[in-house]
Amino acid sequence: MTAARTISFTLNGLPVTADVKPHHNLVELLQNQFSLTGARETCGQGLCGCCTVIVNGKAVSGCLYLASFVEGAEVVTVESLDTPQKLHPVQEAFVETSAFQCGYCTPGFVLMTTQLLEQHPDPDDDQIKHYLTGNLCRCATYPQVIEAVKLAARKRKAG
Amino acid sequence: MTPFELAEPKSLSAAVKLLDPDDTSIRPIAGGTALMLMMKAGVFRPAKLISLRNIEAKYSGIAADANGLRLGAMTTLSALEHSADVRKLAPLITRTMLTLSNVRVRNVATVGGALAHGDPHMDLPPVLMALGATLTVVSPSGERSIPLDDFFTGYYETVLEKNELIAEAHIPAQGTKRAAYMKVTTGSADDWPALGVAVVIEADGKAIESARVVVSAATTKATRLKSAETVLNGKTADDKLLAQAGDAAVEEAEFIADVRGSVPYKRELLRVYIKRAVQQALAGGVQ
Ligand SMILES: Cc1cc2nc3c(=O)[nH]c(=O)nc-3n(C[C@H](O)[C@H](O)[C@H](O)COP(=O)(O)OP(=O)(O)OC[C@H]3O[C@@H](n4cnc5c(N)ncnc54)[C@H](O)[C@@H]3O)c2cc1C
Ligand code: FES
Ligand code: FES
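In order, the protein sequences belong to chains A and B. 1 is the number of the first residue of the first sequence in the numbering used here; add one for each residue after it. 1001 is the number of the first residue of the second sequence in the numbering used here; add one for each residue after it.
Hints should not be assumed to be uniformly reliable.
Here are the computed lysine-lysine pairs in the DSSO-like style, where the Cα-Cα straight-line distance is at most 27 Å [stated by the list, open to error]:
#1 B/Lys-1040 <-> B/Lys-1058
#2 A/Lys-129 <-> B/Lys-1088
#3 B/Lys-1162 <-> A/Lys-21
#4 B/Lys-1275 <-> B/Lys-1206
#5 B/Lys-1040 <-> A/Lys-58
#6 B/Lys-1226 <-> B/Lys-1206
#7 A/Lys-21 <-> B/Lys-1275
#8 A/Lys-21 <-> A/Lys-58
#9 A/Lys-58 <-> B/Lys-1088
#10 A/Lys-21 <-> B/Lys-1010
#11 B/Lys-1088 <-> A/Lys-21
#12 A/Lys-21 <-> B/Lys-1017
#13 B/Lys-1010 <-> A/Lys-58
#14 B/Lys-1275 <-> B/Lys-1226
#15 B/Lys-1240 <-> A/Lys-58
#16 A/Lys-58 <-> A/Lys-155
#17 A/Lys-129 <-> A/Lys-155
What the simulated footprint calls covered on chain B by chain A, stretch by stretch (three residues with Cβ under 8 Å from a Cβ of chain A suffice, anywhere in the stretch; the number is not a length) [what the hints assert, rightly or not]:
#18 1003-1011
#19 1025-1037
#20 1040-1054
#21 1092-1105
Since the hints were derived computationally from the structure, they do not count as laboratory data. Note that this is a predicted model, so its numbers are computed, not measured. We put the beta carbon where it would ideally sit given N, CA and C, even for glycine.
Given the sequences, and given the hints that come with them, work out the whole structure.
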């Protein structure tokens, strides 16, 4: 019974199935079975946001989320944001403001920013800092991230 | 993490039956945010987890009437944070959510998990205790009601039997009472606190009718400080009274030393923060 079982869910808009063991977490599922590496386990403790995944419209830390919990859920990863032709406005904003150095934390910041803007379409500095308190950047690009979020908000408004 | 089995019962009563009063390797899992950390660290290696995620939807909801709130054990902390009913009937809870962890943890962590874990550093235990919460818990032999005052028995310990689950928390409406919760972090702002103090006060100006005072984090468990309450009840909150309440609190609390502070340091913190929390509450606190 600690053996794998098959679960079904929607991944970036497509119905999929996967074999999961009870002790697998969501990052392991996405990396090992779908080769999606945007969510990566870093702190492994819910603190840094590098493993951010959206489940049923809500951001979760994939490192603390059992893979089995996504049965029947809608799962969205950072890979769904852009097309080969066009970046998502939040991604554009991070590029245009140089809101990263090594880029390791960027997928998490980008996904959290999409959520932030749904809740606060026109966020002030405090709202941005508060919402992103669970995202850490070892390269300390925080000032640029705040710029990026504001630019993304303007792009979003412009449509 | 070491492998384990996972059961996903569809009802609370089925979940209770899958637990075993004598087997600590079988344990309920709600959001999993606390358990995952323990399993990853290897301090907890379950044989089997009983997931509560598929139990009846009513245990994930918030119901409100004039008397107060009923919070299902599986209600997420972000549901509490965004609930208009919670904001209206117990605004202290809404404000506590602002500095409780981060968005992703609040999206997943549950009321039941925050209480059953018995972690003295968490924010909901002192806040709900100060508000006068009562829990409904369910076991194979039926249901019982436990005032949160009597729920915690020690460091990560509660009165729950191994085959007993929290079903709901009942929170009396704050009404005209004024409230404050202060937590003191000695590392980074979002570190675990060295001290938490929650107060809920019925008062006319500075004339205190009755107060509930709870300490957490500096102690082995969230604890009501009845001697400090006795000092405050029926008196006017001036500097002298607040100093007396601080002295009584420090005498009553059972402190623990840890990386966030020594016992003498935490005693001093409590003395200072009893005063600040009462002042903050009386100054309007959470409306
Ligand atoms: C990065 C991070 C930061 C955090 N910061 C804070 C903070 O600032 N303030 C704070 O207060 N907390 C903080 N927490 C702790 C967080 O609040 C808890 O992890 C969470 O509340 C636990 O809820 P859960 O549903 O995830 O519980 P789980 O991990 O599923 O379970 C926790 C415990 O409760 C038991 N349990 C769960 N539900 C029930 C039930 N209905 N009946 C009986 N037993 C049950 C489980 O068996 C387990 O022992 C933080 C956690 C993380 C990961
Ligand atoms: S790896 Fe999950 S939050 Fe850091
Ligand atoms: S850009 Fe390097 S960690 Fe953020």
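How the hints compare with the structure:
1. Restraint check: the Cα-Cα separation between B/Lys-1040 and B/Lys-1058 comes to about 31 Å, which exceeds 27 Å; the hinted pair is violated.
2. For the suggested pair A/Lys-129 and B/Lys-1088, the alpha carbons sit about 26 Å apart, so the restraint of at most 27 Å is met.
3. Only pairs whose Cα atoms come within 27 Å are accepted, and B/Lys-1162 paired with A/Lys-21 is accepted, the gap being roughly 25 Å.
4. A C-alpha spacing of about 13 Å is found between B/Lys-1275 and B/Lys-1206, which places the hinted pair at or below 27 Å, so the restraint holds.
5. For the proposed pair B/Lys-1040 and A/Lys-58, the alpha carbon gap of about 23 Å is at most 27 Å, so the pair holds.
6. At roughly 20 Å between alpha-carbon atoms, B/Lys-1226 and B/Lys-1206 fall within 27 Å of each other, so this suggested pair holds.
7. Distance restraint check for A/Lys-21 and B/Lys-1275: the Cα-Cα separation of roughly 52 Å exceeds the 27 Å cut-off, and the hinted pair is therefore not satisfied.
8. A C-alpha spacing of about 23 Å is found between A/Lys-21 and A/Lys-58, which places the hinted pair at or below 27 Å, so the restraint holds.
9. For the hint linking A/Lys-58 to B/Lys-1088, the alpha-carbon distance of about 24 Å falls within 27 Å, and the restraint holds.
10. The hinted pair formed by A/Lys-21 and B/Lys-1010 meets the criterion: a straight-line CA distance of about 20 Å does not exceed 27 Å.
11. Taken as a hint, the B/Lys-1088 and A/Lys-21 pair is broken in the structure, with Cα atoms around 43 Å apart against an allowance of 27 Å.
12. Note on A/Lys-21 and B/Lys-1017: the hinted pairing holds, with a Cα-Cα distance of about 23 Å set against a maximum of 27 Å.
13. In summary, the hint linking B/Lys-1010 to A/Lys-58 is supported, as the alpha carbons are separated by about 23 Å, within the 27 Å threshold.
14. The hinted pair formed by B/Lys-1275 and B/Lys-1226 meets the criterion: a straight-line CA distance of about 15 Å does not exceed 27 Å.
15. For the proposed pair B/Lys-1240 and A/Lys-58, the alpha carbon gap of about 49 Å is over 27 Å, so the pair is violated.
16. The hinted pair formed by A/Lys-58 and A/Lys-155 meets the criterion: a straight-line CA distance of about 22 Å does not exceed 27 Å.
17. A C-alpha spacing of about 20 Å is found between A/Lys-129 and A/Lys-155, which places the hinted pair at or below 27 Å, so the restraint holds.
18. Figure legend: the stretch 1003-1011 of chain B, annotated as covered by chain A; annotation consistent (5 residues with Cβ-Cβ distances under 8 Å, at least 3 required).
19. Proximity of the stretch 1025-1037 of chain B to chain A, defined as three or more residues with a beta carbon under 8 Å from a beta carbon of that chain, is established by the 5 residues found.
20. Counting residues of the stretch 1040-1054 of chain B whose CB lies closer than 8 Å to any CB of chain A gives 4, so the stated coverage by that chain holds, three being the minimum.
21. A count of 6 residues in the stretch 1092-1105 of chain B with a Cβ less than 8 Å from any Cβ of chain A is obtained; the coverage claim is therefore met, three being the minimum.
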